[in-house]
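Enquirer: Here's the letter readout for the chains.
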Amino acid sequence: MPVWTLYGISRGIATAAGPEQDGAAAQPGVLGLPRYHAERCQENCRACTDVCLPGALSLQSGESGERLALDYGKCIGCQLCTESCPNNALTKTEDWAFGVRNREDLVWAEALKSAPAAEVTRKIKKYFGRSLHIRHVDAGSCNGCESELQALNNPYYNLHRLGIFFTPSPRFADLLLVTGPVTYAMRGPLMETYNAMPEPRWVMAMGTCAVSGGANGGGYSCGHGIQEFLPVDIYVPGCPPNPSAMIHALLLLLNRANQHVQGGHFAR
Amino acid sequence: MPPLDPRYQPAEMMPFTSEPWSLPPIEGDDVQTLPFGPVRGDVLESAQIFFYYIGEAILHCHPRLFFKHRGMEKRFEGLSPLLGTVLAERISGVGSIAHSLAYCHAVETACGCEIPERAGYIRTILAELERLYNHLYYFGHLCHTTTLKVGEAQGKLLAEQCKQINGGLTGSRFLRSILMPGGLRRDLDVSELPAKLKALEPEITTYLKAMEETNSHLDRLITTGHLPQQTAYDQGATGPVKRASGIARDLRSDHPYAAYDRLQVNVPVRNAGDAHARIQVRMEEIYESLSLIARAANDIPIGPVFSEISYSSGAEGLGWCEGPRGSTYYCVHLDGEGRLARVKVKSPSFSNWRVFPFTVHDTNMMDYAINEASFGLTMAGCDR
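Residue numbers (my numbering), protein chains in the order written: chain A, 1 to 268; chain B, 1 to 384.
Hints were generated in silico from the structure; no laboratory data involved.
Yeah, the Cβ is synthetic: ideal placement off N, Cα and C, and Gly gets one too.
There's no promise every hint is true.
[Said to hold, decoys possible] If you anchor each label on the Cβ, the simulated ranges turn out as follows: (1) A:Glu-43 to B:Ser-253: 53 to 61 Å; (2) B:Glu-19 to A:Gln-60: 39 to 47 Å; (3) A:Ile-13 to B:Gly-236: 43 to 51 Å; (4) B:Leu-23 to A:Gln-60: 49 to 57 Å; (5) B:Phe-50 to A:Gln-60: 44 to 52 Å; (6) A:Thr-5 to B:Leu-218: 17 to 25 Å; (7) A:Pro-168 to B:Phe-50: 33 to 41 Å; (8) B:Pro-202 to A:Thr-5: 19 to 27 Å; (9) A:Pro-28 to B:Ser-216: 38 to 46 Å; (10) B:Pro-3 to A:Ser-10: 50 to 58 Å; (11) A:Gln-60 to B:Ser-253: 48 to 56 Å; (12) B:Ala-272 to A:Ile-13: 32 to 40 Å; (13) A:His-133 to B:Tyr-233: 45 to 53 Å.
[What the hints assert, rightly or not] Here are a few chain A residues that sit away from chain B, every Cβ distance over 10 Å (derived from the structure): (14) Arg-35; (15) Ala-38; (16) Cys-41; (17) Arg-67; (18) Pro-86; (19) Lys-92; (20) Asn-195; (21) Leu-230.
The shape of chain A in the complex, shown without the other chains (with noise of 0.2 Å):
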């Protein structure tokens, strides 16, 4: 056993640095969610709707003919669109920190609204300070967006230093954070899971399957994520979010972060 506290302690420091106000870094190359030039986009091409395989994009009717419309709820990122559009309308971005409070705010709007709700969340440091406690629960995702939790746990993201910790028992836990479009055997156990935990709690759509049902919902045994079931606190789209967009999304609900999508535009 000394060997490996050894070759442990050899190892150094394999942690990023801290994530600042704006969340953990990303890594470089690593590619977002699309953004949408609205100015490029040509009328009456259905280029990128015929290739969005979960409906994120869309034409919608107007005063002025069939505009589209995008809806990074629903957004896989799977850059079929950038690289169908014929004019860059779309262009792949490595945007990632998609955490949301409201879900309007992952509809792309022409026009900004005036003030964010950056209230909703704010009595939940007067409960915890800044330490939370996790109760995950797989509702039928991929495995991609477990894969991307248990990396939090490495030594990289360690999320151990923020406060954050998962927890086996949802009567210890704080937050419900859920994956997947929540597939007909699970509504029960994660409507038990929930039930099961003390209030105040939290509840937490991560991924794109999770807030919309993304690739996966809508079918025979698969519902359209858990906004039908659960009140959501924040949304993640992303398939699947990176680890350091589940970092921001977990330090925006403890308001340690700043919500950077706002009407379906992305700034830092």
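The hints should help you fit chain B onto chain A, whose structure is shown.
Expert: Quick look at chain B alone, frame taken from chain A:
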């Protein structure tokens, strides 16, 4: 009407009935039952493992799976073959390449499309990168169950470093959004990859050697979860689990795809059939993956990465890939307009979950978690 009937409407929720499920009758006053799951400790996938036990001894183990059944095969119906790739990548997140490669392979076979040589080499490299991060995470998780804390941290750190290499190379930590029927969506520059992995190789070697020299770790693995060769064969085990029980079969060398016919694949085999044999097979596979990536990156030709593919009506094809967990098969049937009419998925975890209980009956509770970790299965791939 079963949901996979073509006349069944895709968005219609299936009428589920809760019929009692059957377990073998057990007599005796001291036998206790333990339903473990579906929400289990830590960050784990949902499944229920049902035990009959007396004290520490497990009499019978019955995995109750398919809590995560999403009806993915039905979701394929009516999609264009290109969009099918996006869906295949999401059947099992940590097997994105295995699934999408097998799927693309099936579509290409159906439509009689030969992919360019360069695309084949890059597919090979991606498949080996996936094996690498999966196997390294596997060792981290296995050390977690044997409470080797530094080993756990190191295994998970190495897996993280591999995922970051994946992210830098393809833009996705899970190597998604790169494959498509006919080849690749875009060319990748793999020239820097061997150097990056070379830098990681001494770390990996030291780590794997240190585990093989730790008695407390090996004590928990040797003789644990023994799978006899005959059982492995009869029950259709696959991947490293099968090769640890003395059956030398690997799709990469037996039925080569991508560029494996141009690269000699060394298939490690062990005969012991216990948890230790399963980790030894995976250890050797890590070295083999590193070697394969280096050789493939060295031999890779210059050229196009995509060849035109015309989706012929009514075509059928079978595709396969030896993923990190074993053989993945896709069977694809196109309809009259060249869209997907039916896609059948066979994931390696589906096969190995069937085998797994045979190694748990008549063992003890203390070894269960280690045995499950030594199989390294996913629920998502099995449940679909």
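Enquirer: Output the indices of the hints that this structure fails to meet, ascending.
Expert: 7, 19
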